[in-house]
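With these hints in hand, go ahead and build the complete structure from the sequences.
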Amino acid sequence: MAFEFTQENVARIEAETKKYPSKKSAVMKALYIGQEQNGWVSNEVIKAVADRLEITPEEALGVATFYTMYHKKPAGKYHLQVCTNVSCMLRGGYEIYDAIREKLGITNGEVTDDGVFSLEEVECMGACGGAPMMAVNEDFFENLTKEEALRILETKK
Amino acid sequence: MEKLILPDIPDLDKLDVYKKHGGFEAAKKALRMSPDDIIEEVKKSGLRGRGGAAFSAGLKWSFMPKTTDRPKYLCINGDESEPGSFKDRQIFEFNPFQMIEGALIASYAIGARTCYIYIRGEYYKWIKLVQKALDAAYEDGLLGEKMKKTFGTDFAVEMYLHVGAGAYICGEESSLMSSIEGKRGYPRVKPPFPAQAGLWGDPTTINNVETVANVPHIINRGAEWYSKIGAEKHPGTILFGVSGHVKKPGVYELPSGTLLTEIIHEHAGGVLGDKKIKAVIPGGSSMPPLRGDQLEGVRMDADSLKEAGSGIGTGGIMVMDEDTDLLKVLWRITHFYHHESCGQCTPCREGCGWMEKIFLRMLDGRGVKGDLDLLVSVANNIEGNTICALGEAAAWPVKFMIARFRDEFEKYVGEEIKLEPADKVHSMRKTETPIAPFALK
Ligand SMILES: Cc1cc2nc3c(=O)[nH]c(=O)nc-3n(C[C@H](O)[C@H](O)[C@H](O)COP(=O)(O)O)c2cc1C
Ligand code: SF4
Ligand code: FES
Numbered sequence: 001m002a003f004e005f006t007q008e009n010v011a012r013i014e015a016e017t018k019k020y021p022s023k024k025s026a027v028m029k030a031l032y033i034g035q036e037q038n039g040w041v042s043n044e045v046i047k048a049v050a051d052r053l054e055i056t057p058e059e060a061l062g063v064a065t066f067y068t069m070y071h072k073k074p075a076g077k078y079h080l081q082v083c084t085n086v087s088c089m090l091r092g093g094y095e096i097y098d099a100i101r102e103k104l105g106i107t108n109g110e111v112t113d114d115g116v117f118s119l120e121e122v123e124c125m126g127a128c129g130g131a132p133m134m135a136v137n138e139d140f141f142e143n144l145t146k147e148e149a150l151r152i153l154e155t156k157k
Numbered sequence: 001m002e003k004l005i006l007p008d009i010p011d012l013d014k015l016d017v018y019k020k021h022g023g024f025e026a027a028k029k030a031l032r033m034s035p036d037d038i039i040e041e042v043k044k045s046g047l048r049g050r051g052g053a054a055f056s057a058g059l060k061w062s063f064m065p066k067t068t069d070r071p072k073y074l075c076i077n078g079d080e081s082e083p084g085s086f087k088d089r090q091i092f093e094f095n096p097f098q099m100i101e102g103a104l105i106a107s108y109a110i111g112a113r114t115c116y117i118y119i120r121g122e123y124y125k126w127i128k129l130v131q132k133a134l135d136a137a138y139e140d141g142l143l144g145e146k147m148k149k150t151f152g153t154d155f156a157v158e159m160y161l162h163v164g165a166g167a168y169i170c171g172e173e174s175s176l177m178s179s180i181e182g183k184r185g186y187p188r189v190k191p192p193f194p195a196q197a198g199l200w201g202d203p204t205t206i207n208n209v210e211t212v213a214n215v216p217h218i219i220n221r222g223a224e225w226y227s228k229i230g231a232e233k234h235p236g237t238i239l240f241g242v243s244g245h246v247k248k249p250g251v252y253e254l255p256s257g258t259l260l261t262e263i264i265h266e267h268a269g270g271v272l273g274d275k276k277i278k279a280v281i282p283g284g285s286s287m288p289p290l291r292g293d294q295l296e297g298v299r300m301d302a303d304s305l306k307e308a309g310s311g312i313g314t315g316g317i318m319v320m321d322e323d324t325d326l327l328k329v330l331w332r333i334t335h336f337y338h339h340e341s342c343g344q345c346t347p348c349r350e351g352c353g354w355m356e357k358i359f360l361r362m363l364d365g366r367g368v369k370g371d372l373d374l375l376v377s378v379a380n381n382i383e384g385n386t387i388c389a390l391g392e393a394a395a396w397p398v399k400f401m402i403a404r405f406r407d408e409f410e411k412y413v414g415e416e417i418k419l420e421p422a423d424k425v426h427s428m429r430k431t432e433t434p435i436a437p438f439a440l441k
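Those protein sequence lines, which keep their order, are chains P and Y. If you use our numbering, the first sequence corresponds to residues 1 to 157, in order. If you use our numbering, the second sequence corresponds to residues 1 to 441, in order.
Calculated directly from the structure, the hints in this document are not laboratory data. Only a predicted model underlies this, so the values are computations on that prediction, with no experimental measurement involved. The beta carbon of each residue, even a glycine, is placed where N, CA and C say it ideally should be. Fair warning: there could be bad hints in the mix.
[As the list claims (entries may be wrong)] Using C-beta positions, here's what the derived DEER-type ranges look like:
no., chain 1, residue 1, chain 2, residue 2, range
1, Y, 201, P, 14, 45 to 53 Å
2, P, 56, Y, 364, 43 to 51 Å
3, P, 37, Y, 224, 53 to 61 Å
4, Y, 20, P, 145, 38 to 46 Å
5, Y, 1, P, 14, 45 to 53 Å
6, Y, 220, P, 156, 23 to 31 Å
7, P, 138, Y, 55, 45 to 53 Å
8, P, 36, Y, 138, 23 to 31 Å
9, P, 146, Y, 248, 17 to 25 Å
10, Y, 274, P, 150, 38 to 46 Å
11, P, 36, Y, 370, 47 to 55 Å
12, P, 143, Y, 63, 38 to 46 Å
13, Y, 139, P, 11, 30 to 38 Å
14, P, 154, Y, 303, 50 to 58 Å
[Unchecked claim] Keeping only pairs whose Cα atoms sit at most 27 Å apart, straight-line, the calculated DSSO-like set for lysine-lysine is:
no., chain 1, residue 1, chain 2, residue 2
15, P, 156, Y, 125
16, Y, 43, Y, 29
17, P, 19, Y, 149
18, Y, 29, Y, 146
What follows is the structure, given as structure tokens:
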């Protein structure tokens with residue numbers, strides 16, 4: 001599928017390049033903007049980012065694959081990130097992760113058939129004081145219980 | 001006790017409130033001092049880095065070349081991805097201007113005209129809060145070209161946000177710089193150190209968020225005053241993040257040198273269910289864990305913790321009660337480092353994987369005699385043989401946990417090697433992350 005940045009996003013990327021002595025530094029932000037517009041970082045997004053920043057597609061791909069927050073395949077409408085690192089694990093992170101897997105019938109890196117949810121088991125999200133936690137898209141839900149986590153999913157359709 | 005970083009002032013994240021409480025007075029004062037005097041003052045204050053290594057902030061600044069035509073940079077490290085650490089987030093949310101003011105003063109002291117604040121990408125909400133604070137500071141003429149007029153100096157610094165994208169390793173200072181340059185976040189071999197060759201090969205200083213947030217107080221009230229707070233050799237207050245099996249997890253700002261037991265039992269409300277403590281990791285997951293019976297008298301400052309056989313790290317205190325399965329904990333920690341290893345050095349990349357496999361085997365009930373020694377040997381071969389300190393971060397928990405809790409692990413190692421048919425060999429859980437399912441045409 002062809003991909004082209006919207007005019008507005010072109011301007012956002014341009015503004016980002018101004019922060020640095022080298023345009024290339026805007027690659028992380030540009031990939032985010034591409035992901036925002038396209039839903040995930042496809043080959044076409046990579047190419048568009050590379051063209052815009054005058055780097056090779058391989059350089060842009062290298063960055064996209066190094067960092068875990070770029071979706072290298074389509075994600076669900078609600079992307080769930082459940083932390084199972086130590087502080088969360090000590091307070092039931094795995095129970096929540098397992099309950100969600102069971103309820104949605106998907107596991108790490110998968111998307112539900114209806115495209116509503118995708119699930120990712122993540123490393124520490126910096127919310128250990130509110131463990132266990134999960135993020136639904138950009139919102140953190142802390143001090144979770146299994147029941148609460150499942151209830152949150154009910155509200156997302 | 002007075003709180004310096006997270007005082008109980010409502011709406012301190014609003015610029016007018018921050019200014020009403022003395023905000024940017026330190027910047028005014030600092031910009032009338034010479035950079036050398038500021039560095040001297042910060043050195044004298046005894047301020048040490050809060051990002052993990054507890055290195056003297058003033059000394060680090062003094063490494064920056066004074067006579068050079070090259071641009072200089074300051075990076076504020078807000079990657080905060082070490083498991084058990086969640087304190088810089090509080091500064092972003094409740095006192096962002098103090099970080100900005102501290103970064104401004106630090107930039108002036110080292111002669112940096114550009115400062116990047118690196119925040120981990122998962123801090124969606126906090127990224128927005130910091131951007132909002134930066135915008136407000138710009139609008140008020142406290143940053144950028146306009147600050148020359150505001151402060152009546154010819155110094156100006158541009159301050160930008162650089163957002164990460166989910167890589168723990170980018171908290172390591174040289175990896176952080178690779179990331180800002182728009183590359184994969186690979187750490188670099190040191191020397192050269194960042195003060196000689198940092199961002200784009202130019203002199204660069206990297207400081208933690210909390211470190212620079214202390215600076216305005218030092219300028220306002222003097223090194224002498226600051227150096228008297230808390231532990232003599234590691235003065236100031238520290239944001240301790242307490243998590244795990246405690247009744248009141250959270251961030252507590254206390255003088256350095258506070259007793260670990262006081263933090264756990266008084267501030268964090270004691271252990272859940274009033275159980276006994278089996279283990280405490282005092283400074284984020286890379287620091288050696290202490291036994292529950294080793295905690296008495298341990299003070300939370302760099303030197304005391306070193307003496308106690310651990311480290312202050314990020315001040316993230318993880319408490320584990322007597323029913324905790326330490327093998328699971330240690331496997332989970334190792335899984336983390338394996339996942340986050342950037343893969344440049346063989347000992348780290350392979351060693352973390354091997355250690356994780358051995359832990360999974362033990363969790364599967366197929367541990368064999370000699371596994372513990374094998375683990376320690378792998379850990380020893382990682383330590384000191386890698387480009388960056390993630391190697392140590394991965395090796396220490398394994399080495400020290402096995403040394404301090406050997407009895408806990410011995411239950412998992414059988415007497416002799418039991419061979420299972422291959423189809424029965426399964427790992428405890430699937431933990432693979434999706435690999436890019438595409439290649440460039
Ligand atoms: C693997 C690894 C991860 C690190 N992560 C962070 C981090 O998230 N935040 C941080 O401030 N320092 C982190 N550090 C320490 C930095 O390399 C650096 O020492 C620190 O930011 C310096 O700031 P300070 O002197 O003010 O403490 C990390 C170090 C290593 C080896
Ligand atoms: S020690 Fe590990 S994380 Fe650090 S550079 Fe080597 S492989 Fe990468
Ligand atoms: S361990 Fe889950 S947020 Fe830190």
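Violations among the numbered hints:
1, 6, 7, 10, 13
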